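So the protein sequences, as listed, match chains A and B. Counting from 1030, one number per residue, gives the positions in the first sequence under my numbering. Counting from 518, one number per residue, gives the positions in the second sequence under my numbering.
Quick caveat, the hints were computed from the structure, so don't treat them as lab data. Because the structure is a prediction, the values reported are computed rather than measured. One should not assume that every hint holds.
As the list claims (entries may be wrong) - To give a feel for the contact side, a few chain A residues facing chain B, derived at Cβ under 10 Å:
#, residue
1, P1157
2, E1159
3, I1174
4, S1226
Stated by the list, open to error - Covered by chain B, according to a simulated footprint, are these stretches of chain A (three or more residues, beta-carbon under 8 Å):
#, region
5, 1055-1066
6, 1092-1099
7, 1145-1153
8, 1161-1169
9, 1175-1185
10, 1194-1208
11, 1219-1225
Glycine residues also receive a C-beta, built at the ideal position from the N, C-alpha and C atoms.
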Amino acid sequence: MNRRRQRAGASAVPEDPDSSLVGRLRAGDEQAFADLAEKYQGTMLSLARGHVQSSAVAEEVVQDAWMGVLRGIGRFECRSSFRAWLFRIVVNRAISAGIRERRSVPVDDMEPVIDASRFDAGGAWGMPPEPWTDLADDKMIAAKIATRILLAIDDLPPRQREVVTLRDVQGLSSEEVCAALDISQANQRVLLHRGRSRLRQVVESEFGSTR
Amino acid sequence: MIGVRSWPRKNLVCRQAVELVTDYLEGALSQTQRRRFEAHLTSCRDCPEYLIQMRATIALTGTINSGVLTPQMRDEFIRLYRRWRADGERGTPETPNRNR
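Work out the full structure: start from the sequences and follow the hints.
Structure, rendered in structure tokens:
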């Protein structure tokens, strides 16, 4: 319902971070293929898992998608980034694996991201955010928080997980995410907002300290 | 977004501000909306901390390394590649796979 084709114009595509690996793959370099797999396999599996019931099926879908990459790389025209193209292939295949239909996100009908009980009657913070960001200055604790975030990403609803994984773990631009998942910018922002807010909440609950 | 779809004429309250954080960070607010959001930040005791936490969460999420393959898995990909190469050389018909 809210899925809309919204392509980024060609001029909006920045330098593809994978252009050198893609060049080597086209030239027949098998190590480049393994490098790309190393970089993207985890994300591909997580994307596929959002659409199929079992991880075994997800693995088949991903393997099939990699074969699609090998067959199609000669015709890949760099209109999008390689990774946006790659993620699009796996999402398309996962969908056509047909196990589960993508659900559209009802944008206008959603719970607030912060529990209403934390605000007073006037809408101001009653239970304000408990500070924790100083902890992340310590590398060990930062790694611990990141690990907790990774678990929390797995618990997000599939579509939020997809967007957060692509944007914030993989570092894709919003245009790339919209192209990979075939969703509108507005829809992307809503999913991102809900996902990120949830992750912040998890970190606050576990690492925040009352002033 | 939530509850702010129709923008209030009065000043923002925290409950509304937290729903705008992503649009703010994404640069998706109009100039007026942005000014109002920033005005709330300068006058609010707690929302600046909330914004700091959202930024920190995003930064920490970015440190997660998603690309981990065991050496065996890497070998499997090399095998997959070679199999595809060999099939191609034997002239196995390709499945059309349009670039889209």
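Hints, one by one, checked against the model:
| no. | hint | in the structure |
| --- | --- | --- |
| 1 | P1157 | holds (4 Å) |
| 2 | E1159 | holds (9 Å) |
| 3 | I1174 | holds (5 Å) |
| 4 | S1226 | holds (7 Å) |
| 5 | 1055-1066 | holds (count 6) |
| 6 | 1092-1099 | holds (count 5) |
| 7 | 1145-1153 | holds (count 5) |
| 8 | 1161-1169 | holds (count 3) |
| 9 | 1175-1185 | holds (count 4) |
| 10 | 1194-1208 | holds (count 6) |
| 11 | 1219-1225 | holds (count 4) |
In the structure shown, no violation is registered for any of the earlier numbered hints.
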